[in-house]
Structures are given as C-alpha cells and as structure tokens.
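Colleague: What follows is the residue order along each chain.
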Amino acid sequence: MLNLLLSRLATAIPSIVGVVVVTFMLTRLLPGDPAAYFAGLAASPQAIAEIRAKLGLDKSLPEQFVGYIGDLLHGNLGNSLSTGQPVVVEIATRLPASAELTLFALIVAVAIAIPLGVLAAVKQGTWIDHTCRIVTTAGVSLPVFFTGLLFAYVFYYLLQWAPAPTGRLDVFLSPPTHITGFYLIDSALTGNLETLWGALRQLALPAISMAIFSLAPLARMTRGSMLAVLGSDFIRTARASGLSPRTVIFTYAFRNAVLPVITTLGMVFSFLLGANVLVETVFAWPGIGLYAVNALITSDYAPVQGFVLTMAILYVALNLTIDFVYGLVDPRVRLDS
Amino acid sequence: MLPLLRHARYVLSENPVTGLAFGLFALFLIAALFGPVLAPYNPLQSNAAMALKPPSAAHWFGTDQLGRDIFSRVLVATRLDLTIAFASVILAFMLGALSGVAAGYFGGWTDRIVGRLADTIMAFPLFVLAMGIVAALGNEVINIVIATAIINFPLYARVARAEANVRRDAGFVEAARLSGNGEARVVLGHVLPNIMPIMMVQMSLTMGYAILNAAGLSFIGLGVRPPDAEWGIMVAEGANFIQSGEWWIALFPGATLMLAVFCFNLLGDGLRDIIDPRMRT
Amino acid sequence: MSTVPALAVEDLSVEFRTRSGIVKVLEHVGFSVDKGETVALVGESGSGKSVTAFAVMGILDAAGKVTSGRAMFGGADLLALGERDLAEQRGRELSMIFQNPRTALNPIRRVGLQIADVLVRHGGATRNDAPQAAIEMLKKVRIPDPERRAEAYPFELSGGMCQRIMIAIALACRPALLIADEPTTGLDVTTQAVIMDLIGELAGEAGMATIFITHDLALAAEYCDRIVVMHAGHIVEAAPGRDLFTHPRHPYSAKLLAATPGETVSLENMASIPGGLPDLRRSDLPACRYSDRCERRLGQCAQPLPQRTVGERRVVACWNPL
Ligand SMILES: Nc1ncnc2c1ncn2[C@@H]1O[C@H](COP(=O)(O)OP(=O)(O)O)[C@@H](O)[C@H]1O
Ligand code: SF4
Ligand SMILES: [Mg+2]
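Chains C, B and H supply the protein sequences, listed in that same order.
Its first residue numbered 1, the first sequence is counted upward by one per residue in our numbering.
Its first residue numbered 1001, the second sequence is counted upward by one per residue in our numbering.
Its first residue numbered 2001, the third sequence is counted upward by one per residue in our numbering.
Treat the hints with care, as some may be off.
[Claimed, not checked] Which stretches of chain B does chain C cover? Using the computed rule of at least three CB atoms under 8 Å from a CB of chain C, they are:
1) 1045-1059
2) 1212-1223
[To be verified] 20 Å max Cα-Cα, derived SDA-like pairs, lysine to any residue:
3) C:K54 to C:G18
4) H:K2065 to C:K54
5) C:K123 to H:I2059
6) H:K2140 to H:E2083
7) C:K123 to H:E2083
8) H:K2065 to C:G125
Note that these hints are calculated values from the structure, not bench results.
All of these numbers come straight from a predicted model, not from anything done at the bench.
Where is the CB? At the ideal position from N, CA and C, for every residue including glycine.
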C-alpha cells in the first residue's frame, strides 16, 4: 500500500515541475513590461521601477526562477491589485466554493452516466443505446455557460423553481459555521436543515449544467468497457455456471468494467475544472473561477497566475488520487507494487 | 477507394444521424462563406428605436440591447467562429503531427522531449491553461487560436506518435528507406501521408471542442471584443438580460453554437466509423 | 449400459447472423452421451464443436440462433427451456469448462469466492459456509495449500492451477454432465496429462457423463469411450474409439487417420488434408460438406445425407463409406 502510494507520488513529480515551469513562463510571456502590467494602468514610472525591483524583474531569468520557487515554497503568490489582499488568502477562502460545486457536479455526472452507459451496453443496438449516444453527444456539445443561462431562464425566471442565480446561498440565510467550507456538509453537520436545503437549491443548477457537459466521456467509457467485459471469457464462465443475471452484470461484469472508467475520471476533471470557470461566471458563484475572471477583466495578473497554478496543482493531485484509487481497486496493480 | 465508399454507405445507412450531420455541416459552411452577403441587416448597425425586440417577421431572432439584428449577427459570426476553430485545429495538427511522427519514428530523445511536452500540457485542466495562455500572450483573437492549438497539441502528438511507431518498420517505409530516401523524406513523404486518415478523424473530433473552447474564452471576455459578432460573446451579452426575461439575445447564438459543436461531434464520430471501424466505441 | 442417455442431442441446427449474411454453422447435429460415459467431440478448428456445446448450455452469443433440434437432458429439452430455468440447471446439473483458464476466471475476484458464488447460487452452501466448502473443492482438485490459494486472484496462479479452479467451479454442485471444451489446449504436456487424469477420475467417481471437446485425436483415443467426428458443422461419424482407429468408415475420418500415422494424430495440423473447410456463408453449400475434398464422391452424394448405422454403436453420414 505504501509502495503504491510512493510509486504514484513519484510519477506526479515531473508533472508538478512542468506545471511550475509553465506558470513561470506564462508570467514572462506577458507582452510589454510585466512590471508595468503588475503595477496597473495608472502607475508612475517610479512606481513601475519599484514594482520591477520588488518582483525581481531586474534580475536574470534563472535568478527570477529561483525567486519564484522561493515565493511558491513560502506560499506567496503575490497580491491582488484591486483588493490589495494576498492572492493565496483570497484563493484559499474561495476554494471550498469551487470544490463543492465541482465535486457535486462530478457526483451528479457519475450517478447519471454510469447507469446510462451500463444500460446502453446491456441493451446494445436497441433504441436505448442510440438514445444514449445522442444524448451524451448532445451533452458534450452544450456550451456550459449556455446551459447554465438556459437553466436560469427556465427554472428561475419562468418557473420560479430555482432561487436567483447569484451565489452559494440566499441573502436571507446565513452561511453555516465554518468546518470544511462545504456548505452542504457544514450545514448537515450542524443540523441546520434550512441552510442545507437553501445551499442545495443554489447548487443544483450550476452543478447540473457542469454534469451534463461531462456525461459523455463517462457514459461512453462505461458503455465501451462494459461491452468489452460482457464479451469476455469469464462472463461466459459466469453464465455457464448459472449465476443470476444480476450477479453476472453487477458483481462480475460491472466491477471489471468500472476500472477503465476510473481512469477517464482524469479527463472528466479536466472538463469540470474548465467548465467550473464558466459556470461560476454565469451563476455569480464566489469561487476561484469567478475570482480569476474578474481579475482578467481588470488586468490584475497575479490572481490569474495564482489561479492557473492552483488549478493545475489541484488537477495533478486529483489525477494522483485517481491513480491511487485505481491501484486500490484493481488487485493486479495493488499486489504488483 | 471503392470499398471505402461502400463502407461509407453502410455506415450512413446504419447511422442516419451521420447523414444529418453532413447536411448541417453544409449549412454551416454556406453561412461561413456567404454569411455577410446573406445577412438581411448590417450586423454592427445599432438602432436605438429597435432595441430589445423579441423575434418577429422582420427580425427572426429579435434584436439586442443596441437594436442590432441578432439573426444577421449570428449568421455573420459563423465565419469568425469557424475560422478560429479551424485555424487552431490546423495549427494543432501541424505541430502535433510533425512532432508526434518524429517522436514515433526516431524514438529516443525526440520521443522523450515530445512526450514530456505533451504530458506537461496535459497536467493542466485544458481550459484553464488556455485562459492562462491568452492572458499572458495578450487579449487577441490570434492568441485564442494559439491557446486552443496548444491545448489540443498532446492529442495529435500522441495519436501521430502511436501510428508512426507502428509503421516505422512497415514494408513500405523500409522500401522507401532502401531506395535511398533521406530520413526527413521518409517521414514527410511516406509515414505522414499514411497516417493522414486517422489524423483527419482526430481533426473532426477536436473541431467541436475547439469551437467550444474559443467561445468559452470569449464568453469570459478573452479574445474577441465587442462589437464584433461572435457566438460566445453574444451569449455573454445576452446573459445580462436573461434575468429580465429577454431570452432571445442569448438563446439564438447559444443554440447555434451548440448546433455547430453537435454537428462536428457527430461528424467526427461518423468519419471515424467510416475511416477506422476499429476505433468505434 | 443404461438405456436412457444422460444427454441426447437431436437434429441441432444453429445459424449466426453476420455482416456478410447468415451462416449455417451447425446442421442436423445429433449424438448422445450415456451416464458415466466419456465422449470425444473432435474436428478441425472452426468445425462447430464449441458452438455445439454453447447451444446445449444455452450460452450462444446474441448473434447465434438455434433453428431446430432438441437436447434431451434429465427428461427435459434444454433448447426449449426458458433462460431462467436453464440458468437453474447450468452449474448444477450441467457444467462446462473452457480453454484459456486464465481468461475464463474473473480477474478481480478471489478464486475461492468464485467457487463460493456457484455454491451459493445453487444452494450447495450458505454464504457463511461457502468459503469452507470452496476450500473443500480446492482440496478435491488437489490444489496444495487450499486455504491460502482460495484468497488468490487468477493472475497469481499458473494456467494449470487456474484450470483446476475452473474444474472446481464446474464440479462444485456435482453435475450430471460435464462439457470440457479443449481444457488442456495451451497447457504444457505434463500439466495436460494431470488435468485430463483429474477430470477422468472425478467424473468416474461421480458417474458423470463427460463430453470432451478436442482437436487432439490421440488425447481423445486415450481418454474417451467413443469419438464423434465433426466436419464443417456436420457430424460425419460416431464410433467407439478403438473401432474408429482400426476401421474408419467416413472418408474424412480415414483421411484424418491416414494423414499422420500412429496414434499421435493431431488435427491442429490439417494442412495434409487437401482443401480447407468450405466457406459456410456460401448459399450453394453441397449436402455433403466434405464433397469438395472427397475422393470417393458419387453422383448421389448431392442428395441429402443418410445417417447410416454401421455395426454396433456406429453411425456414419456418407453415401459411400469405406
Ligand atoms: N459469434 C459468432 N459469429 C459468427 N460466426 C461464429 C460465431 N461463433 C462461431 N462462429 C462460426 O462458427 C463456426 C464454428 O465455430 P466453433 O464452434 O468455435 O469451432 P470449433 O470447432 O473450433 O470450436 C466457425 O466457422 C465460426 O466462424
Ligand atoms: S457423402 Fe459422398 S462426397 Fe460426402 S464423404 Fe461420403 S462419399 Fe464423399
Ligand atoms: Mg472451439
């Protein structure tokens, strides 16, 4: 188990190095003078020079890189121009909002896509299968920001089923005591059912918009791997042993078929983290995506850079977790390492 | 060629949806080529008297907050959207196919460098990386193209690498080498053309994603700038009016965007079934 | 000899739907196996041996369809049973083991559990005592250190070991009929003999009827009471093993034995028989599917084939047998 963990960690190191190098390069690629950029539009020449010295931009690239690494190790991502706050602090306070949305969307997507994929495979070639294909292709074709808007229009404006698409909680409700930062979990832990319900209502539309977008890779992979497994020798053995269809499909076929699906979760997270930015914009969701978009609009670069780095590190960590979970689930990997 | 055509007909008859996708594609192509000519109104012409009018016989898709005709804007935007997507796909293809083929054919260091590069890009959530690139390179359309190409690069490089690797020792490559062709010639003249069909499938499969990506970037204010007509930015403009019930401003460009992506995704699936039935899932 | 056979297959025909049309894979196949008897089903690869077995077990692919026939087993026609009733019988009354034991087992389930699943399904044990019963089965198929092996996954075991597990699964509920489809193909020669002996012994103990599918004539002769020869979806001859070897009656059987002298005839290498199996997709398949390769062909060979009983317990489907 420890071996497995260590071997997976080792594979993540090159990714992290790559991510850090790329984010460093992105800063240096800034057109014109990064110092002027960081200083803002109305800065005086002295202010710019000051910023340049402060950012270490007057040093050589390798020196700058070392400085950048040092900053990162101290958890320093610079300050936001518009708020003056350290980017690390702002991102940290906003992260739970984004994480809650993304994970909830993932759960919704998995809960829909996997049964859909299994059904399409078991009923291969029937209208169920074709419908599943069209629905998932349509899903991945939907721009999330458009789905989000459409949902807001239909469920908020027309039907009034959903609350106003602004933020994590209705203004009349107060956020739950901070434990994990996830409103659903915190309100459940503190037994605050009113807040729980309110948070869930706010979460529903943005999460579903994101989930629809990521249905396709999950459902297709489930279908494909389920078909492959259903045609394999050991399923024939299971049927020849008279095992009930339920045992054959769930205990034998599905558990094997789900393994490649776990691997696709990496791609699904790439989809979700990207969609997260757009959906937060549409629903005024106070997460790191919205933070970055607002910073982009005001040419406030440090938050954008911090955001890209945070997202990438998160993504590497997620992939690492996925790899590790795969190893735990598949005895062939678990026992080999 | 004939068996391929026969197979194409088989695929089309098995899956009429692909036929539908080809039809849609033709429509989009016409809109992209002749959009400005076909548009009933000037897409940039504001008309305060006609602001925020719902769809009518005169304005099929209604008008926006400046009184511009949404139908004309959606139509004219086709060219910009498809050009961005197409250009980025071509760029990704050129970068990816060349480096991928080189990696697969030569192996060794070339392979390691290309692989590392692809892995590093894949270590980012792709849309987020695209945001970072556009923000760094500058807020211009060309940078959207570049960013979209970069995030698609690993896909092309990997497919090209795998295919080139398989063919490295194939008879026809061996023959080309023996008849005195230089390595570069063998790669460009013999290996690359051979993997074209698979790359074509890849291109049509990523077209939809490229359109979505570009529209997403302009939705958050990167790249295309008002008053230019572009689907993503039009949805962003319409977003402000959704809560007051003016649905048409966002709906029509959004739906067109969706239809375009849907069309390319179906097309990609169909093309894959025709060219490479093995890959069918 | 009992009068009612354990399994009697009559007039079995199977078609497959494929992209290039309907393939008549089996046509009027008939044979029987008595209680306690071991019958070999031999034929080249592609002659329809596995399809015969799958049809009897009711586990044909979705593309395959039984178009005629009966398979009488324990007083009922297996081919007429619904899936639910048939599933009750499978694994309890009739069992099957397959070629490639390593892929025939669920790769991510402990082997002990896989045996237990069958026991629990057919009421051979409760969930609680199934693990112990599974270990007993492992002992029975002579797996050393059964307690520990029960906890193993298939990839941790050798091919021979996996085949023993397969046998344990198949015999867990003491079936009346065992179909072994090339159980030793792909195993090394020593393991082959061990597995064959094991099957023979366990079947003998339980008085079980066994169908042994193989393309190895020597193996068939050594372990089986009777041999049924298949060619392109037809049964061309059925005879006691010794009789077939000393005096084959069907031209195909004769060719088969003559092709390689001695008792080490293997159908793996059929290049010595001129021509291959006919393309079953042809619409104008001759009544005798061997006629294109046959040297004894007569005018009447285009007529529907006769089933001639020649001598004791011998049948040959031929107009001009030897
Ligand atoms: N799923 C299938 N679809 C189409 N044809 C099949 C299928 N399974 C078997 N066949 C055909 O049936 C014939 C007999 O196959 P099989 O019973 O597996 O031969 P063998 O005697 O080697 O066991 C072969 O010609 C094969 O092509
Ligand atoms: S029936 Fe005729 S053609 Fe067929 S095997 Fe007998 S003799 Fe040969
Ligand atoms: Mg077989």
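Colleague: Decide, hint by hint, whether the structure agrees.
Modeller: Do the hints match the structure? See the list:
Evaluation of the coverage hint for the stretch 1045-1059 of chain B: breached, as 0 residues show C-beta separations to chain C shorter than 8 Å, against a requirement of three. For the stretch 1212-1223 of chain B, the stated coverage by chain C is satisfied: 7 residues place a CB nearer than 8 Å to a CB of that chain, which reaches the threshold of 3. For a cut-off of 20 Å, the pair hint linking K54 (chain C) to G18 (chain C) is broken: about 25 Å separates their Cα positions. As the CA atoms of K2065 (chain H) and K54 (chain C) are separated by approximately 79 Å, the hinted pair breaks the 20 Å bound.
At roughly 17 Å between alpha-carbon atoms, K123 (chain C) and I2059 (chain H) fall within 20 Å of each other, so this suggested pair holds. Restraint check for K2140 (chain H) and E2083 (chain H): not satisfied, since their Cα atoms lie roughly 31 Å apart, outside the 20 Å limit. Taken as a hint, the K123 (chain C) and E2083 (chain H) pair is honoured in the structure, with Cα atoms around 17 Å apart against an allowance of 20 Å. The straight-line distance between the Cα atoms of K2065 (chain H) and G125 (chain C) is roughly 17 Å, inside the 20 Å bound, and the hint therefore holds.
The structure is inconsistent with the numbered hints 1, 3, 4 and 6, although it conforms to all the rest.
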